[in-house]
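A.B. asks: Two chains, two frames, some hints: make the complex.
If you want the building blocks of each chain, they are given just below.
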Amino acid sequence: MSTLIEGLFNGISIGSVLLIAALGLAIVFGLMGVINLAHGELMMLGAYSTFVVQNIFKSFGDPWFDFYIIVAIPVAFIVSAVVGLILERGAIRFLYGRPLETLLATWGVSLILQQFVRSVNWLLMISLGIFSLLFFGGIQVVKKRADWERIKSKTLTLLIFLSTGIAIAFYSLLSKNSVLTKAWFSARNVDVTAPKWLRGGTTALGFQTPYVRLFIIALTILCLIGVYWFLQRSTWGLKIRAVTQNRTMSSCLGIPTAKVDALTFALGSGLAGIAGCAVSLLGSVGPNTGQNYIVDTFMVVVVGGVGNLLGTVLAALGIGILNYLVGSGTLALFLTSFSAPQSLIDFFLFFATSSMAKVMVFALIITFLQIKPAGLFPQKGRTAEL
Amino acid sequence: MSQLGRRKFLLYSSTGVLASLFLKGCADSGGGDQAADPCAAADPCAAADPCAAAGGDGIKVGILHSLSGTMAISETTVVDAEMLAIDEINAAGGVLGKQIVPIKEDGASDWPTFAEKAAKLIDQDKVVTVFGCWTSASRKAVLPVFESKKHMLWYPVQYEGQECSNHVFYTGAAPNQQIEPAVDWLLENKGKEFFLVGSDYVFPRTANTIIKEQLAAKGGSVAGEDYLPLGDTEVTPIITKIKAALPDGGVIFNSLNGDTNVAFFKQMQGAGLNPDKYPVMSVSVAEEEVRQIGPEYLKGHYASWNYYQTVESPANEKFVSAFKAKYGEDRVTNDPMEAAYIMVYLWKQAVEQAGTTDLEPVRAAAVGQKLEAPEGLVTMQPNHHISKTVRIGEVRDDGLFDIVWSTEGPLDPIPWNQYVKETKGFACDWTDPNKGGKYKEA
Chain V
1 MSTLIEGLFN
11 GISIGSVLLI
21 AALGLAIVFG
31 LMGVINLAHG
41 ELMMLGAYST
51 FVVQNIFKSF
61 GDPWFDFYII
71 VAIPVAFIVS
81 AVVGLILERG
91 AIRFLYGRPL
101 ETLLATWGVS
111 LILQQFVRSV
121 NWLLMISLGI
131 FSLLFFGGIQ
141 VVKKRADWER
151 IKSKTLTLLI
161 FLSTGIAIAF
171 YSLLSKNSVL
181 TKAWFSARNV
191 DVTAPKWLRG
201 GTTALGFQTP
211 YVRLFIIALT
221 ILCLIGVYWF
231 LQRSTWGLKI
241 RAVTQNRTMS
251 SCLGIPTAKV
261 DALTFALGSG
271 LAGIAGCAVS
281 LLGSVGPNTG
291 QNYIVDTFMV
301 VVVGGVGNLL
311 GTVLAALGIG
321 ILNYLVGSGT
331 LALFLTSFSA
341 PQSLIDFFLF
351 FATSSMAKVM
361 VFALIITFLQ
371 IKPAGLFPQK
381 GRTAEL
Chain E
1 MSQLGRRKFL
11 LYSSTGVLAS
21 LFLKGCADSG
31 GGDQAADPCA
41 AADPCAAADP
51 CAAAGGDGIK
61 VGILHSLSGT
71 MAISETTVVD
81 AEMLAIDEIN
91 AAGGVLGKQI
101 VPIKEDGASD
111 WPTFAEKAAK
121 LIDQDKVVTV
131 FGCWTSASRK
141 AVLPVFESKK
151 HMLWYPVQYE
161 GQECSNHVFY
171 TGAAPNQQIE
181 PAVDWLLENK
191 GKEFFLVGSD
201 YVFPRTANTI
211 IKEQLAAKGG
221 SVAGEDYLPL
231 GDTEVTPIIT
241 KIKAALPDGG
251 VIFNSLNGDT
261 NVAFFKQMQG
271 AGLNPDKYPV
281 MSVSVAEEEV
291 RQIGPEYLKG
301 HYASWNYYQT
311 VESPANEKFV
321 SAFKAKYGED
331 RVTNDPMEAA
341 YIMVYLWKQA
351 VEQAGTTDLE
361 PVRAAAVGQK
371 LEAPEGLVTM
381 QPNHHISKTV
391 RIGEVRDDGL
401 FDIVWSTEGP
411 LDPIPWNQYV
421 KETKGFACDW
431 TDPNKGGKYK
441 EA
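Respectively, the protein sequence lines represent chains V and E. Sequential numbering from 1 applies to the first sequence in the working numbering. Sequential numbering from 1 applies to the second sequence in the working numbering.
So that you can see chain E by itself, here it is in the shape it has in the complex (with noise of 0.2 Å):
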C-alpha cells in the first residue's frame, strides 16, 4: 500500500514538474521567437502574453499569411519583412505615440481559412488594419469578408489585376507594371514568337490571356501554350511542345508558380534549350526562388520584377541591410518582400495624416501617401495601386538579377487591363464618389 502511494507520489510530482516545465517553455519561446517583440501572437501561450493586458496602449494590426501548408515557403518570407517593418517604426517610437501590437493567424495555405482568420481578425481581434495573402485565389476567399465589413486589406503580392477594390490596397505590381512592360522588351530584343506556360490556375490563365491580346496589338505571335497542374514536376511533354513549336528557338513567357518552376528549368537544360536560343522570361521567379532552383540553372534568363535586392539606393541598402541582421547573413530579400515591407510604412504615414486608426479616415488619408521605398519613389493612387518603377533583371552566377532595363521613373498603375475586350476603357478611382471601382473612362 505505501509502496503504491509512493509510485503514485512520483508519477503526479513528476506530472507537475512536467506540465511546469512545459508553461515555461512557452513563456520562453514566446519572448525568445520574437526576439525584439514580445507581443507576437501567433504563439499558443497568448494568454500568458504581458501585451494581451496592455492590448489599449497598442495598435492591433492582423498578419495573415500562411504559416503552413505548400505557400508556407514564400509567405513565410514576406511575414518576415512585414514584422521587420513593424519592430523598426516600434523602436522608433511607434504610430501616434503607440506601439504596433500584430496579431499573426494562419492561413495554413487553405483560402476557406483564410476567409474564416479574416473574419476573427476583425471581429475577435478588433484589429485595425489587415496586411496579408499571397495568391489570388486567397484574396478572392477574403475579398468578401473585407467588403462586407468595409474593412482594409494591404495585399503585397504581383497580381493578373482585372480587380479594384475599396478595401484593398495593392501594393504588389498591375499587370501593366510588370506583365506588359516584359512583353514589350522581349518584343523588343528577344523575339517576336512567344510559348506561354503557366500553373494551370486564374493568375497565368488572366495573365496569358492578356500577353495574347498584347502579342496580337504589337505584331508578335503565340505558338503554342500550355499549363502544368500545381505542383507537377514532370515537364517532358511540354518541352517536346516548345521544340516542335518554336525549332529555331523563340521567347518563353513562364508564370510556372511553386515546385513546377524547379522542374521546368532543371529539364529545360537537360533539353538543351539554353538562354541563348529560348530566353526564359518569368514573372513568379524572384531572388529566394532562384536560390531554391539553382543559379546553374537559371542563368542568363529573365525576370520581370519593381524590385530586385540588387537594386542601388540609400533606402535599399538600408533595407537589405535592416533583414540581414535581423534574419540572417544567408537570407536575400525580393519583390514580394520588399512590397510587404513598404505597405506597413505606407500604412503608418495614412493613420499618422488621418491622426487615428479609424478605418474611413486612413483610407481617404492613404490614396496620394508617398514614399521613398527602396524600388524608388512609390505613390498610392486614386484607384489603391501603387506606382512603381519596372524593372527587367538577368540571372547572374550568385543567384542575384543584374538589372538590364528599367523604366525611367514610376508607371502609374492600370488594374482594368487594356488589352481586354471586357475592360477595355474603365478605370478605377475611389477619391471620387461618383466614379468607384469600375467606371467607364470618357
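In isolation and in its complexed conformation, chain V is listed as follows (with noise of 0.2 Å):
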C-alpha cells in the first residue's frame, strides 16, 4: 500500500511539474487559440531570472539568500509577462486567426530569444535601447504633424534605416570595450542552487518527500487557484471570457479586445515565467531550457481539451502518474503481488525503461487522441474563432 501512495505522489510530483508549464500555454493556446511555440522559452527567461535574482540576493549574504526564491517567483511572472506583451503587441496580434502564420512567427521568436540569452551584453542592450529610443521616438514625433497619413510609410523605412544605422555605428565604435562586450549568460548553461531549506527531503509520509517536489506542488496549486480566480471571479477575467466566447459581440458591447488580448497573451506567458522558476530548481537552466519542456506542454494541452482548464489539470497528473508507474517499474510488481499473468507482467518490464515509458504514454496518447480528437473534455456549441 505505502508502495502504491509513494507512488502516487512520485507520479503527482512528475504531473505537477508538467502541469505548472503547461498552465500559461493552456491560457494561450486554450483559450486565444495561439500555437505558441515560444512558450518554453519564456519558461527560459523566469528560469534566468531566477537566476539573476539568485545572484543579487547572493551578494546580500546569508539570511537573505534563503529567501531568494520568494523573491524570484514574481520577478520571473513580470519578466516573462513584458515579454510575452511586447511578443503579442509587435508580432502575434497581426496574425489573429491564422494558426500556420502563428506558429511560424513564435517559431522565430523562439529562436530569437535563445540566441539572445547567449549573446545578449551591456552594449547589445544599450545599442537595442538606442534603437528603440529614436525608432519610436522618432514615431511620436513625426506623428504630431497633420500630414503624417500621407507621409507614414516612407517616415516609416526612414526612421528604421536611420536607427538601425545608427544604433549599429554606435555598437560597432563601442565594441572593443571588453567590459561592455562580456557576455551576461553565455551560451554555457548556468546554476541555480535551491536554497537551504529546499534541498533535501522528509520521510514524514513514510517515504522521501523532496521538498522541492513538495514546493513544485504547492506553487502549482496555488498558480491554479489563482488562475482560476482570476478567470472566474475578477472583471477582466469576465472580460476574457467573454471575448473568447464571441469576440465581435463583445467588441460591440464594448469590451476593449485588443486590451483583453494582450492581457490574456501577458498572463499565460507570465505564468510561464514561474514555471520557468520552479523548474529551475529541478534542472539546467541554459538557452535551451525552454526546448525540453515543449513538447510535453503541449501534449498536455492537447489531450486535456483545448480552452478547459480543468482537462488541463487532469491530462497533466495523467501522464504524469502513468509515465511514473511505467517508468519505475511500479506497475509490474504491482502486477506481480496481484500474481498477474505473467505475459502482462513481461509486458510492463519491457516498457520499464524512461525511453520506453514515454514511447507507451505516447502510444497511448495517441490512441486516446483517435477515440476523442478534441481531448477529455472537449469545447461545447459554438467556439469562437480558431
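Just so you know, not all the hints are guaranteed correct.
[Stated by the list, open to error] In silico lysine-lysine, PhoX-like type, Cα no more than 20 Å apart, as pairs:
no.: 1; chain 1: E; residue 1: K326; chain 2: V; residue 2: K176
no.: 2; chain 1: E; residue 1: K243; chain 2: E; residue 2: K277
no.: 3; chain 1: V; residue 1: K182; chain 2: E; residue 2: K326
no.: 4; chain 1: V; residue 1: K182; chain 2: E; residue 2: K324
no.: 5; chain 1: E; residue 1: K299; chain 2: V; residue 2: K196
Simulated from the structure, these hints should not be mistaken for lab results.
C.D. replies: Spelled out as C-alpha cells, the structure:
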C-alpha cells in the first residue's frame, strides 16, 4: 500500500511540473487559440530571472539568500509577462486567426530569444535601447505632423534605416570595450541552487519526499487557484471569457478586445515565467531549457482539451502518474503481487525504462486522440474563432 | 517633385552610410573577435580578410566543432583550447617557419552537417589536418569522409573505443584509460553492487556493456541499469529504481550527458541519496559541468578523467595561467580542453619531424611523439591513441577536484575492448602494414 501511495505522490510530482509548465499554454493556446512555440523560451526567461535574482541575493549575504526564491517568483512572472506583452503587441496581434503564420512567427521568436540569452551583453542592450528610443521616439515626434497618414510609410522606412544605422554604428564603435561586450550568461548553462530549506527531503509520510517537489506542488496549486479566481471571479476574467466566446459581440458591447488579448497573452506568458522558476530548481538552466518542455506542454494541453483548465489539470496528472508507474517499474511490481499473468508482467517490464515509458505514453495518447480527437473535455457549442 | 527627390536622396544616402558602417563593423569584429588572431576565417567577412590573400604563407588547419546547437556549450570550450595552442605556436614562430591559419567551421550539433563541413574543409580550403568533433555520433559521421579522402582528423574527447582508424588520432581516453580504472577503483573502495545510468545513445550503451563484462569478470554485480533520452529532465522513475535495487546503498555509475546531469544530481539530493551511501562516479562531468550543475549538489561525488585543473605540474600551471589570461579569470580548464590543447602540439611536433605538412609523412611521424603535457607525459602509440595517466577526482567545495587516486604512470591505450567477446584478442597497429586497424593478437 505504501508503495502505491509513494507511486502516486511521485506521479503527482511529475504531473505538477507538467501542469505548471502547461498552465500558461492552456491560457494562450486554449483560450486564445495562439499556437505559441515560444512558450518554452518564456519559461527559459523565467529560469534566467531566477538565476539573476539568486545572484543579487547572494551578494546580500546568508540570511537573505535563503529567501531569494520568494522574490524570484514574482520577478520571473513580471519579466516573462512583459516579454509576452511585447511579443503580442509586436507580432502576434497581426496574426490572429492565422494559425500557420503564428506557428512560424513564434518559432522564429523562440530562436531569437535563445540566441538573445546566449549573446546578450551591456552593449547589445544599450544599442537596442538607442534603437528603440530613436525609432519609437521619432514616430511619436513625426506623428504630430498633420500629414502623418500621407508620409507614414516613407517615414517608417527612413526611421528604421536611420535608427538601425546609428545603433549599429554605436555598437561597432564600442565593440572593443571588453567590459561592455562581456556576455551576461554566454552559451553555457548557468547554475541555480535551491536555498537550503529546499534541499534534501522529509520522511514524514513514510517515504522520502523531496522538499523541492512539495514546493512545486504547492506552487502549482497556488497558481491554479489564482488563475481560476482571475478567470471566474474578476472583471477582467469575465471580459476574457466573453472575448473567447464571441469576439464580435464582445467588441460591440464595449469590451476593449485588443487590451483583453494583450492581457491574456501576458498572463499566460507570466505563468510560463513562474514555471521556469520552478523547473530551474529541478533541472538545468541554459538557452535550450525551454526546448525540453515544449513538446510535453503541448501534449498536456491537447490531451486535456483546448480551452479547458480542468482538462489540463487531469491530463497533466494522468500523464505524470502513468509515466512514473510504467517507467519506474512500479506497475510491473504491483502486478506481480497480484499474481497477474506472467505475459502481462513481462509486457510492463519491457516498458519499465525511462525511454520505453515515453514510447508507451505517446502510443496511449495517440490512441486516445483517435477516440476523442478534441481531448478530455472538448469545447461544446459554438467556439470562438480558431 | 523636388521634395520627392530629396527624400529619395536621403533614403539612398542613409542606405549607403548604413552599408559602409556594416562593412566596417564586420572588419572590426574580424579583428576584435580573436584579438591575437587576425585570420579567424569563421566570421562572415572572410572575403575581406587580409589573410585569405596571404594564404600561401600560412599553414591552413581546420577546426570543426559545434559552435551552435546543443553541443555548443561543450564544444566551444574545446575550440578555445585549440585556439590558445595555435596562438601560442604562432607567437613562438609557427610551424616550419609558417604561421598556422585556423579555419573554423560550425558543425551545428548536427551530424550530417559535420560530414558536409569536413568535406568542405578538405576539398575547398585544402587544410592539412582537421581538429574536431566531440560526440561519438559526429565522429562516426565524418569518419567516411576522412577515410575516403585519406585525410587526417584529431579527436580530443574520451570515447567508448571499439574503433581504430588510420585517419584519426585520438587524444582522449580509450575505455581502459578512464572507465575500467574507475570500475576497479570503485570495486576496491566503494562497493560491489553497481547501478548503471546513462543517456540513451551509443557512448553510454557501449560503455555500460564494457562495465557489465568487467564486473562479471571481477566479482561485482549489476543491480540495474537505465537510460534517459538526451535532454530529459525527469529522473524520478530512475531514482525510485535505484532505491529499489540498492536499498542499502551502492555505487552509481553515471554516463549521462548534457542537461540531464543537472536534473539527476539536483533530484538525487532531494531524494536523500547522498554520496556517503550512494557515491556517483561520472565519466562526463568535468570542471565546466560542475560549475553548471552547482558544486553544492556534487560535493563528495567522483569523476574519472586523465586531467583535472588541480593536477600539479609546471606544464599545467603554464596551461591554466595562459588559458585564464586569454579567456578570463573565471574560466576553468578540463580534460577535453587539455586533450584538445595537446593535440595541436602533437601535430606540430609531427610536422616538424616530418619536415612537411604532407599527410603520409606526418601520419608516420606522429606515432611515437612524446609531449610533457599538463596531465603528464603522453606518447602517441602505434594504434593512434595516446598513453595517458588516469586519475579519480572527488568534487570539493569550490567546484574543482581533489585527486584521490591516480595510476603510477601513463597507461597504454587499448581501443579494442578486451572484456567484450567480439573484440577480445584484437589489437591495432598502423606502423606495420601487415597488422592495420584490427588484427588478432598472437
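A.B. asks: Which numbered hints turn out to be false for this structure?
C.D. replies: Of the numbered hints given earlier, the structure breaks none, since each of them holds.
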